Structure formats: structure tokens, C-alpha cells
Amino acid sequence: MKLTPEEQEMLDGKHGKAAQKSMEILTTLGDIFDAEDMVEVTGVQIAGVSYANLGEAGLEWLSEMAEDGKVRVLTTLNPAGMDRENWQALGIDEDFAKNQNRAIDAFAKMGIITTCSCTPYLIGNAPHFGQHLAWAESSAVCYSNSVIGARTNREGGPSALASALMGKTPRYGYHLNENRHGQVLVKINAPIRGTDEFGVLGKIIGDKLVELGKKIPYITGIASATVEELKSFCASVATYGGTALFHMETITPEYNTYSKPTEISFEINQDDLDRTRNQLVDEEIEVDFVSIGCPHASIHEIAKIASLLEGKEVKKEFWITTARPTKKIADEAGYSKVIEGAGAKFAADTCCVVAPIKGRFKGIMVDSAKACYYGRAKNKFKVKIGTIEECIQEAIK
Amino acid sequence: MKLEGRKIYKGTAEGEAIVTKDGISFYGGVDPDNGEVVEVGHELEGQSITGKVLVFPTGKGSTVGSYTMYRMKKSNTAPAAIVNKQIDTIVAVGCIISEIPCVDKIDIENIKTGQQVVVNGSDGIVEVK
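Going down the list, the sequences are from chains A and B.
Per the working numbering, residue 1 is the first one in the first sequence, and the count goes up by one each step.
Per the working numbering, residue 1 is the first one in the second sequence, and the count goes up by one each step.
No wet-lab data here; the hints were simulated from the structure.
You may find that some hints are simply not true.
To be verified - Chain B stretches covered by chain A per the calculated footprint, using a threshold of three residues with CB under 8 Å from any CB of chain A:
#1 56 to 69
#2 89 to 99
Unchecked claim - List time: in silico DSBU-like cross-link candidates among lysine-lysine, alpha-carbon distance up to 30 Å:
#3 Lys208(A) to Lys10(B)
#4 Lys60(B) to Lys74(B)
#5 Lys73(B) to Lys378(A)
#6 Lys85(B) to Lys73(B)
#7 Lys328(A) to Lys2(A)
#8 Lys21(B) to Lys14(A)
#9 Lys21(B) to Lys214(A)
#10 Lys214(A) to Lys74(B)
#11 Lys70(A) to Lys85(B)
#12 Lys98(A) to Lys85(B)
#13 Lys214(A) to Lys304(A)
#14 Lys7(B) to Lys73(B)
#15 Lys98(A) to Lys328(A)
#16 Lys10(B) to Lys21(B)
#17 Lys380(A) to Lys345(A)
#18 Lys21(B) to Lys215(A)
#19 Lys358(A) to Lys10(B)
#20 Lys208(A) to Lys187(A)
Said to hold, decoys possible - Have a look at the derived ranges for each label pair, beta carbon to beta carbon:
#21 Leu176(A) to Lys10(B): 23 to 33 Å
#22 Glu9(A) to Arg6(B): 19 to 29 Å
#23 Val128(B) to Gly91(A): 46 to 56 Å
#24 Ala223(A) to Ser122(B): 54 to 64 Å
#25 Asp33(B) to Asp274(A): 23 to 33 Å
#26 Pro325(A) to Val128(B): 35 to 45 Å
Note that the structure is a prediction, hence the values are computed from the model and not measured.
The beta-carbon is built from N, C-alpha and C at its ideal position, and this holds for glycine as well.
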């Protein structure tokens, strides 16, 4: 890799230990992937925040980096393992809370903004078209590349942190035009509506991409999509297909920028959607937990939940997972009062994927295909997908 | 016999080779407390990689594996060095943060379990004694 004199000095250890370690990570990745040089990034999103995933080792490494490391660009965090204010009411034990806070303190010491959310693009880490980023969090990577048209590879925790401290990332993969062409033409022949249905669609396309060994779908036949529907789709197609970039005709900004495949690779009809939806509903499920907000709920979704819960009483454990800044807007607007008055709980800073809740519940109902995957794989829950309205019906039943 | 590969992480280490044709997932696949491979059905299941020159084709699994490697280094259960056919990002980042000498682009079929091996991560050379 070509390095600037400053980058070489960092690699040689003249700018401290954290800078040297960061540059070692970035130049090694650059060499592995044949990057010619570094590109400056304008924002970073760091994953590996939950103490349940970091463990003592991860925390120790972060603490070492925090000794002399300081971020050079806007950097935010992924969800933590708990609501930082309301963890006790959500059943998190004290030792876990203490360790989780040690991890967040280490991030804060480096100058990272400790909003713990998988939707940084909704709360101020909002890139514009064409900007280079180093983001971890697979759903946000997919959203920023596809929906915004910014450019990032799928980073892991340490490489994202290294980029935050350097303000740079090796120029390879999705940073280059040549790697952003649509590879697989997908035609949708049914109307797609709602966060749950966009999640089902993401699973169909993701599964198919794995089968085909391809990464970038070019999707036609979607008439319109909301921000919430797209974030659900991104989470699902990234979970099931490892997808970091898709193009959606007339909807995503680069749909007309690159070459696209001329022959249809596969079509998706109503019966495909029905069949896949059925795969996301386990037999004999007894729902004792309902969670909305994977990825984190937007203020628009929270407003909708409030209107549906007005005057109702929640009978099951019901979490709305969101970013704390979004929760604050909900507080101001009076939505929180309605939602909490009905007996539902906000779980800010965290989510049903990263919180340590294995064994606490038997069956989870969600509007997210991604949450179904992790509910099964990580927490061994039975799962059921439905619309937001159906989730609320289940919660008050 | 000297094998030339690509340097991934600097430093030199010598040890007994433990070779597998299977990929390794450090997160979930290796017990960081005792250095044993615990992945069910893995060729090395039940064997310790601590202090060995660990030779395998490539890494797999969760990115948390990089942190697991760091934890092993701190608990003195890590391998002395790593040799891969093709490095992946999890093992590369794991070696960097844990300071484990590492070389890839090596024909690992040339190394047999039990042989004494010197890994020179600074020059990308693996010497089988």
C-alpha cells in the first residue's frame, strides 16, 4: 500500500500506541485486499459494544486503546446489552450492568459519541451521497451503501475503531465504483408493504444470493418504500445474504449509475412471500415476549405504536427498542406516556438481539425478519413474524 | 525446508506444528481458558493449540473471534504462531491485536503435525526443521 509520510509515522509508532495498532490493522487489511492507498472517512459506526459479545478480553483491548487513542471523525456506537438508564426494570443483573458501563466508558474516553444504536443514520451520524465511511453493523452498512449511496465495507469492531482513530480506511471493496455493479436481477411480482413484509422479501433475496454465491441484487418491481420498510429490508437481506449493497429501481440513488444484469435471475411471486413468511412462524409457539424495533424504531414507528396502544392494556412483556435520542423525542411528544401507560416498556440503547435474555422467554413476536433469525439462533426462542398491528394485538391479548 | 509466503503480523516464533485441513472459528470453536478446540466434529476437537504453531487453511465464523484470540494471548493459551493458506479478516485482526506472528499464502500440505517450525512473520517465511 502507498502510505503518506504521516501514515508511515503512525505505523512506526511515532504517534502513540493506539495509532500504531490502528495503522497495523488498516494496512494489513489493505494489503490483504490489494488496496492501493487509504481513503479518508467522514464517519464511523462501531459494533461489538454489548458486553455479552465483547467479554473481558474485548473490554481489556478497548481499555488499552483508550489509553492514548482519540477519534478523528464522527463516531457512534452499536446497541449495548442493556438500557443504560432503565436496565433494572428490564431484568438485567447488576454485574452485567457494571461491565457494560466499563465498556461504554472506554469508548467515551476515546471521544466516541455513546449513542448506542443500530440506526446511526436516524440520529445524527447521517452521511450524504458518495461519502466514504467505515461502518460496522450489517444493517446500517447495507442502508448507507444502498439507500443513501455512501460507501463502506462491512467492518468488524476492531477495524471500525481503527478507522475512527485514524479517520481513514483502506480503499478497496465498496469504496470503488467497479465493485458496486448490480450482479443479480430480481423481479418482484407482488405488492410489498410493511416492515414485516420487506423483511420477508429480504430473507427470500438473501437466501437466494447465498445459493448463487452473489452479493449485489438489482431489484425491480417495488413501487414505493418508506424509510422504515427499507431499514427492515436492509437488516434482513444483510442477515440472510451477507448483502452490503443492493440497487432498487427508481428508489435507491445509484440504480441507474452502474451496469445491471440484463437477464432476470429469479422472480418473486405472492406464493414465495407466503411460503417464506410461514418459515418465520414456528409451530406451537406460545408468545410471552413482543419486541418492536429491529432495527431501532424510528419516531414515526413510535407514533404509530402510541396510537395503536391508546387506551389499551399490555398483558405480555413488550419492548420497544430504540435509540435514546429517539426516545427523548417520544417523551417530548407525549408518546412515551401513552406507551408506558399501556404497560409496554422502552428499551433504549439496546435490542432483543444483543441483550442477555436467553432463557427468559419462550416465544417472541416481532415485525422483523432479522430478529427472527437471532431470536432462534442466539436466544433459542420460538419466533413469529407479523405486522406492527399484529404484534400489538398479541401484546394486549 | 523454507516456505515463502506473505507477512501478516510481525515477529518470530518457534514451536511444534499442529495442522488441520478444517477452518477454525475462534469464537465458539476454541475454549480460550484451556486452548482446546471444542467445535464438534472438528479435526482437532479435544486437542490443545496452546504454544503450538497452528496451521490451517483459513478462519471462519463471528468477528468476535478476534477478541477471543486476544483473550487467549492474555491467558497464555494462545498459539505461538499462525500459518494459513489464505488469511481472513477475523484471524488477521486477531493476530494484530494479540501480537501473534502470522504468515499466509503457504502450501500448508508441506507441514505435518509434530514437526518443529519457525514462523518469521516479519519476512513472511516459514521454516520446517
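Hint by hint, here is what the structure shows:
{"no.": "1", "hint": "56 to 69", "verdict": "holds (count 5)"}
{"no.": "2", "hint": "89 to 99", "verdict": "holds (count 6)"}
{"no.": "3", "hint": "Lys208(A) to Lys10(B)", "verdict": "40 Å, violated"}
{"no.": "4", "hint": "Lys60(B) to Lys74(B)", "verdict": "22 Å, holds"}
{"no.": "5", "hint": "Lys73(B) to Lys378(A)", "verdict": "26 Å, holds"}
{"no.": "6", "hint": "Lys85(B) to Lys73(B)", "verdict": "22 Å, holds"}
{"no.": "7", "hint": "Lys328(A) to Lys2(A)", "verdict": "46 Å, violated"}
{"no.": "8", "hint": "Lys21(B) to Lys14(A)", "verdict": "40 Å, violated"}
{"no.": "9", "hint": "Lys21(B) to Lys214(A)", "verdict": "26 Å, holds"}
{"no.": "10", "hint": "Lys214(A) to Lys74(B)", "verdict": "39 Å, violated"}
{"no.": "11", "hint": "Lys70(A) to Lys85(B)", "verdict": "35 Å, violated"}
{"no.": "12", "hint": "Lys98(A) to Lys85(B)", "verdict": "41 Å, violated"}
{"no.": "13", "hint": "Lys214(A) to Lys304(A)", "verdict": "37 Å, violated"}
{"no.": "14", "hint": "Lys7(B) to Lys73(B)", "verdict": "20 Å, holds"}
{"no.": "15", "hint": "Lys98(A) to Lys328(A)", "verdict": "24 Å, holds"}
{"no.": "16", "hint": "Lys10(B) to Lys21(B)", "verdict": "24 Å, holds"}
{"no.": "17", "hint": "Lys380(A) to Lys345(A)", "verdict": "22 Å, holds"}
{"no.": "18", "hint": "Lys21(B) to Lys215(A)", "verdict": "27 Å, holds"}
{"no.": "19", "hint": "Lys358(A) to Lys10(B)", "verdict": "40 Å, violated"}
{"no.": "20", "hint": "Lys208(A) to Lys187(A)", "verdict": "13 Å, holds"}
{"no.": "21", "hint": "Leu176(A) to Lys10(B): 23 to 33 Å", "verdict": "28 Å, holds"}
{"no.": "22", "hint": "Glu9(A) to Arg6(B): 19 to 29 Å", "verdict": "24 Å, holds"}
{"no.": "23", "hint": "Val128(B) to Gly91(A): 46 to 56 Å", "verdict": "55 Å, holds"}
{"no.": "24", "hint": "Ala223(A) to Ser122(B): 54 to 64 Å", "verdict": "58 Å, holds"}
{"no.": "25", "hint": "Asp33(B) to Asp274(A): 23 to 33 Å", "verdict": "47 Å, violated"}
{"no.": "26", "hint": "Pro325(A) to Val128(B): 35 to 45 Å", "verdict": "57 Å, violated"}
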